[in-house]
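Could you put together the complete structure from these sequences and hints?
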Amino acid sequence: MATMGSTVLHLPSGPTGVVGKLHPTVLFNICDSFIRRNDQQERVIGTLLGSFSVDGTVEIRNSYAVPHNESLDQVAVDIDYHRTMFELHQRVNAKEVIIGWYSTGSGVSASDALIQDFYGREVTNPIHLTVDTAFTDDQANIKAYVSTPLTLGDRPLAAQFHEIQLDLRLVEAERLGFDVLKKTVVDKLPSDLEGLEGTIERLQDMIDTISRYVDNVIEGQLPPDNAIGRYLADTIASVPRVNSDAFDKLFNDSVQDVLLVLYLANLTRTQLTLAEKLNTAAQIV
Amino acid sequence: MTTTSTPMRSFAQAASAEEIVVPSRVVQIDGLVALKIIKHCKECMPALVTGQLLGLDIGSILEVTNCFPFPSRGGEEEDEVEADGANYQLEMMRCLREVNVDNNTVGWYQSTYMGSFQTVELIETFLNYQENIKRCVCIIYDPLRSGQGVLALKALKLSDSFMELYRTQVFIGEKLREKNMTWKDIFEEIPVKISNSVLVSALMTELESDAPASQCDFDRLVLSTNPFMEKNLEFLIECMDDLSMEQQKFQYYYRNLSRQQVQQQSWLQKRRAENAARRLSGEELLPEEDPSNPIFKTLPEPSRLDSYLITNQIANYCGQVNGFAGQSLSKMYLMDAFHQD
Chain A
-11 MATMGSTVLH LPSGPTGVVG KLHPTVLFNI CDSFIRRNDQ QERVIGTLLG
39 SFSVDGTVEI RNSYAVPHNE SLDQVAVDID YHRTMFELHQ RVNAKEVIIG
89 WYSTGSGVSA SDALIQDFYG REVTNPIHLT VDTAFTDDQA NIKAYVSTPL
139 TLGDRPLAAQ FHEIQLDLRL VEAERLGFDV LKKTVVDKLP SDLEGLEGTI
189 ERLQDMIDTI SRYVDNVIEG QLPPDNAIGR YLADTIASVP RVNSDAFDKL
239 FNDSVQDVLL VLYLANLTRT QLTLAEKLNT AAQIV
Chain B
128 MTTTSTPMRS FAQAASAEEI VVPSRVVQID GLVALKIIKH CKECMPALVT
178 GQLLGLDIGS ILEVTNCFPF PSRGGEEEDE VEADGANYQL EMMRCLREVN
228 VDNNTVGWYQ STYMGSFQTV ELIETFLNYQ ENIKRCVCII YDPLRSGQGV
278 LALKALKLSD SFMELYRTQV FIGEKLREKN MTWKDIFEEI PVKISNSVLV
328 SALMTELESD APASQCDFDR LVLSTNPFME KNLEFLIECM DDLSMEQQKF
378 QYYYRNLSRQ QVQQQSWLQK RRAENAARRL SGEELLPEED PSNPIFKTLP
428 EPSRLDSYLI TNQIANYCGQ VNGFAGQSLS KMYLMDAFHQ D
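Which chain is which? The protein sequence lines are A and B, in order.
For the first sequence, my numbering assigns the number -11 to the initial residue and increments by one for each residue that follows.
For the second sequence, my numbering assigns the number 128 to the initial residue and increments by one for each residue that follows.
These aren't lab readings, by the way, just hints derived from the structure by calculation.
Among the hints, a few may not be true.
Said to hold, decoys possible - Chain A is faced by these chain B residues, among others (derived, beta-carbon under 8 Å):
(1) Pro196
(2) Leu330
(3) Met356
Just so we're clear, the structure is a prediction, and the values are computed from it rather than from any experiment.
C-beta atoms are modelled at their ideal positions from N, C-alpha and C, and glycine is treated no differently.
Have a look at this one:
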C-alpha cells in the first residue's frame, strides 16, 4: 500500500482574516480593458498591484491587463508581458507589488486554479478578484477570493477559493463626484461655486429631513428611537457654544480678513493691466 | 460623432492640399484618465510629477482615453535619465498596444503646486511636442486645490500667435505691439468634458453609496480658510518680487539707452564742430558716423518673456484668491446663520 500515514484531507476552517480594499482606479482599468478586448476572447485577465499592510488588509491600488489565450483545457498567459509591465510600473512607484490577479466574468472556473497557481509563485497568497461585467443576476458582482490548496497527504488535489471581505469604499471616486462618473458624458466640470451650492443644498435637505423627523416624533406619529435621538443630541452638541459677542467679533474679523485679501487681489490685477498698457505703449525717443 | 463633410476630391488633390489644422475646441477626458491622474499626483505629493496622455484626435474634439505616468528622476546622470525615459516610453506604448489601448500620444499632464505652472520649461515642452503632433494639449492638475472639493483639472495649449513669435525668439516691445499680444495670450484654456463608457457608468450607478453626503461635500464645507490663503499670498508676494526685479532690469536698460543717446548726441556735436573747423581750414571732412565707437553699439533690449510669464502667474493667483474668497464668505455667512438660531 503506497498510501500510508497521513491520508487526511486538509480543509481550512473558519474565515480568513484578510480584508481587501479596492481603489476605484482598478475598477475603471478593468472595465476599460474588458471593453478593449480582442473579439475572440470572452474574458480578460490581468495583474493586480497594491500593498499588504500589517493588520492583514490588502490594498488594491493599480492593475494592468495581460494578454492570454484560453481554450477548453489549456490556458496560456503571456508571462513576459506581465514581467515587463510590472517592471515599468515599479519604476514609477516602487511600493506597489503584485498582490494577485483579476478576471472578468462571474464565478470561478476550472482554469482559474492554474492561473492562481502561477500567481502563487510570485506572491505568497494571491488575491483573485472577479468583476462581473455581464451583470448576471442584475447586479454588479465584485468579489475577491483567496485560495487555499487542498492536499491529500502530500499530493495537491485542488485549490479551494474562499471569498474574502471586500471594502468598496470608493473615496477617490467620491472626491471626483459620482455625478461626473455616472453619466456617459459630462459637459462641464462644476466650478467652485456651483459645487458649493450643491453641497449646501444637500445640507439643507438633510436638516429638513431631520427636523421633519423630530416634529413627527414629538407629535407622536412616529415611535421615538433612542439611538437616533442620541445621535441627534451629539450632533447638536458638537456645534461649539460661543458667547454671542465673541462669535460676532470672530465672525467680523474673519470676514474683514477675507475682504481685505480679495480687495488686494483685485487691486493687483488692475495694476497688472495698467502696467501692461504702459509697458508696451512706451515709446523711446 | 459629428464628421465634417468634405467634397469628393481626387487622391492627388487631397495629397497635395495643405492640411488645415482645426483648433481643438473641447478636450474629452475619460473618467479613467481623470482618476489615474488624481491618483498619481496625490501619491507623489509634494513632488511634482508628469505623465503622458494617449488618445484620439477627431475633428474638433480631442479625446484622451488613457494615460501613464513617467518615472520620477532621481539625481542620476543626465544621459542615463534621457535614455531611460525614452526607453520607458517606448516599452509602455508597445505593451499598451498589445491590449488594444490607443497608441497615439496627444499630450502630457503634470501636477502643479498652487497653480504655479507657467514656466519657460512648459513652453519648451509644448514646442517639443508640437513638432511631432499637430494638436497637443497639456493637462494641469492641482492636488492641493482639489483637496477643497473642487476638481482642479485644466487643459491648456499655447496660442498659435505665441508659438510663431517664440520661434523668432524676439520679445521686444515693438514686435509685441505689432502682434497685439498681451500676457493673456500666451496660454489658451480649452474646456474639458468627462466621458465614461456605458459599462463604467452602469457599475458606478450600482456602487454609489446611499449616504446623503459624500467625502466631496465634507471637503467643501471645511471652514478653515487661513492655510490656503496664506500660501496663496506667500506665492503672490514672491511673484511680485520677481516682477519688480524684471521691472528693474527694464529700468536699467532704459537708463542706459538714454545715457547712450546723450553720449551719441554730444559726440555728434563734437564731430560737427570739428568738421566745421576743418571746412574752414580746407581739410578733409570726417564722417559723421563712427561705427567702431562703442557708444554706437546698440544695446539689446531685455526679453519680455519672463515678465509675461510672471504676470500670468500673478493673475492666476489672484483668480484663485478671488474664487476662494467667494466660497469662504458664503461659508462664513452660513455659520453666522446657524449661530443666530
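Problem - Hinted contact Met356 of chain B with chain A - closest CB pair below 8 Å - result: holds (6 Å)
Exercise for the section: Would you check whether Leu330 of chain B satisfies its interface hint, that is, whether its CB is within less than 8 Å of any CB in chain A? Expected result: At 5 Å from the nearest chain A Cβ, Leu330 of chain B passes the 8 Å test, so the hint holds.
Handout entry: Interface restraint verdict for Pro196 of chain B against chain A (beta-carbon cut-off 8 Å)
Key = holds (5 Å)
Violated hints are absent here; each numbered hint is respected by the structure.
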